[in-house]
Each structure stands twice: as C-alpha cells, then as structure tokens.
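> The listed protein sequences derive, respectively, from chains A and B.
Quick note on the working numbering: the first sequence kicks off at 754 and runs consecutively.
Quick note on the working numbering: the second sequence kicks off at 16 and runs consecutively.
Just so you know, these hints were derived from the structure itself, not from any lab.
It cannot be assumed that every hint is accurate.
Among chain A residues calculated to face chain B with C-beta under 10 Å, some are [said to hold, decoys possible]:
id, residue
1, Ser754
2, Gly795
3, Ser810
4, His811
Quantities reported herein were computed from a predicted structural model and do not represent experimental measurements.
Even for Gly, the Cβ is constructed at its ideal location relative to N, Cα and C.
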Amino acid sequence: SQELEQSPQSLIVQEGKNLTINCTSSKTLYGLYWYKQKYGEGLIFLMMLQKGGEEKSHEKITAKLDEKKQQSSLHITASQPSHAGIYLCGADSGGYQKVTFGTGTKLQVIP
Amino acid sequence: ETGVTQSPTHLIKTRGQQVTLRCSSQSGHNTVSWYQQALGQGPQFIFQYYREEENGRGNFPPRFSGLQFPNYSSELNVNALELDDSALYLCASSLGSLRAETQYFGPGTRLLVL
C-alpha cells in the first residue's frame with residue numbers, strides 16, 4: 754500500500770520567514786493534494802497537482818510535484834500567523850477516489 | 016467554508032454502543048467519502064459512496080457501515096464501539112468518483128468512546 758512521509762513533523766518559524774514542507778511517496782504519484790487543517794477541524798483544500806513538474810501557487814503558498822522523485826514540496830513565502838496549522842499531503846491511491854494521507858506537518862508561526 | 020456539514024460536532028459513547036454520524040454534501044456533489052483521523056495522525060480512508068452505492072472501502076471491519084441517500088447526504092454507522100474508535104470522523108464530498116476529483120471536507124465529528 755502507498756505511504757506518504759512528510760517532513761518535518763513540526764516547524765516553528767518567525768513571522769516573515771520562508772519555509773518548505775516535503776511529502777515523499779513510496780509509490781508513483783498520480784495526483785497529489787495539499788490540505789491545511791486547524792486543530793480538530795476539517796481539512797481546507799489548498800491545491801492539487803497532477804503532472805510531473807507541475808507547480809501551482811495560491812497567495813503566498815506554492816506547491817511543486819517532482820514525479821521522478823515521487824515527491825512534492827509546499828513552500829510558504831513570508832509566513833504569517835494565519836499560516837499556522839497542520840499541513841497534510843494526500844495522494845490518489847486507488848482506481849476510485851481513495852486518498853492516502855501523510856501524518857502531517859504542524860506549523861507554528863511566532864509573531 | 017466548503018458547504019459540507021456534519022452532525023453532531025461532538026459525541027461521547029461507551030464501549031459496545033452504536034453510533035450514527037451524518038454528513039450533508041456540498042450542493043451538486045454525488046460522491047461522499049468517510050475518513051477516520053486519530054489524534055496526531057493523518058485521515059484514514061473508511062469507504063466511499065457514489066450514487067448510493069459503496070464504491071470502495073479501506074481497511075476497516077464490517078462494523079463500520081454506511082448509507083448514502085437520494086439527496087446524496089450520508090451516514091456512517093459504527094457498531095460495537097471500541098476505545099480505539101475514538102477519533103475525528105471526517106466526510107468529504109466531490110462531484111465524481113474518479114481520481115483527481117477534488118474532495119471538500121466537512122468540519123468533522125469528534126467521537127470519544129469511554
């Protein structure tokens with residue numbers, strides 16, 4: 754079965770700093786999702802990447818998919834306290850829509 | 016907000032009891048997936064319903080069952096509750112059941128089994 758490993762597990766950054774979160778898959782990635790979750794709440798969809806080399810941006814968040822490395826990265830520029838939360842990557846892992854998730858990266862942004 | 020709602024928000028049950036969780040999909044969405052998220056873990060796929068039929072299932076025992084109604088709302092039923100069933104239960108709706116259809120998640124139901 755497919756496994757997703759996220760690194761780092763947790764991150765504390767000063768407001769205004771840039772940061773990167775990585776997601777590495779044990780199998781070929783067909784579709785990669787990034788979600789954000791505030792503690793105990795539902796997941797907020799950030800973006801979806803489908804093709805190798807694809808890069809998408811939303812506000813100050815950019816995600817890239819490296820198909821050959823079976824890896825995706827999420828980069829936040831000039832972090833703000835509103836970016837704090839748990840970031841989860843998820844991958845399509847079945848013929849139907851079953852998403853396998855990583856264990857998450859907990860981000861804290863210190864003002 | 017995604018338009019996906021879940022009820023109740025919190026629930027406390029005792030071992031051996033049965034529980035029903037409810038999910039109302041985003042308007043126009045015909046697929047609903049259910050996930051279990053234990054504390055500190057990523058969500059684990061339970062099953063998916065597409066047009067009222069179970070369309071796929073994760074590694075969960077039969078005491079986890081579901082229903083999808085003609086209006087595409089859904090229920091998750093768990094029988095013979097165990098302590099390890101304590102978790103955040105999330106439902107997600109999407110327009111189709113194929114890969115790469117974006118799933119929109121509800122706020123979740125937090126279940127505590129004592």
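> Under 10 Å is the threshold here; is the Cβ of Gly795(A) close enough to any Cβ of chain B for the hint to stand?
Holds. Min distance 4 Å.
> When the nearest CB of chain B is found for Ser810(A), is that gap smaller than 10 Å?
17 Å, violated
> At a threshold of 10 Å, is the proposed contact between His811(A) and chain B supported by beta-carbon distances?
13 Å, violated
> Let's test the interface hint: is any C-beta of chain B closer than 10 Å to that of Ser754(A)?
Since the shortest Cβ distance to chain B is 8 Å, the answer is holds.
Hint violations for this structure: numbers 3, 4, all remaining hints satisfied.
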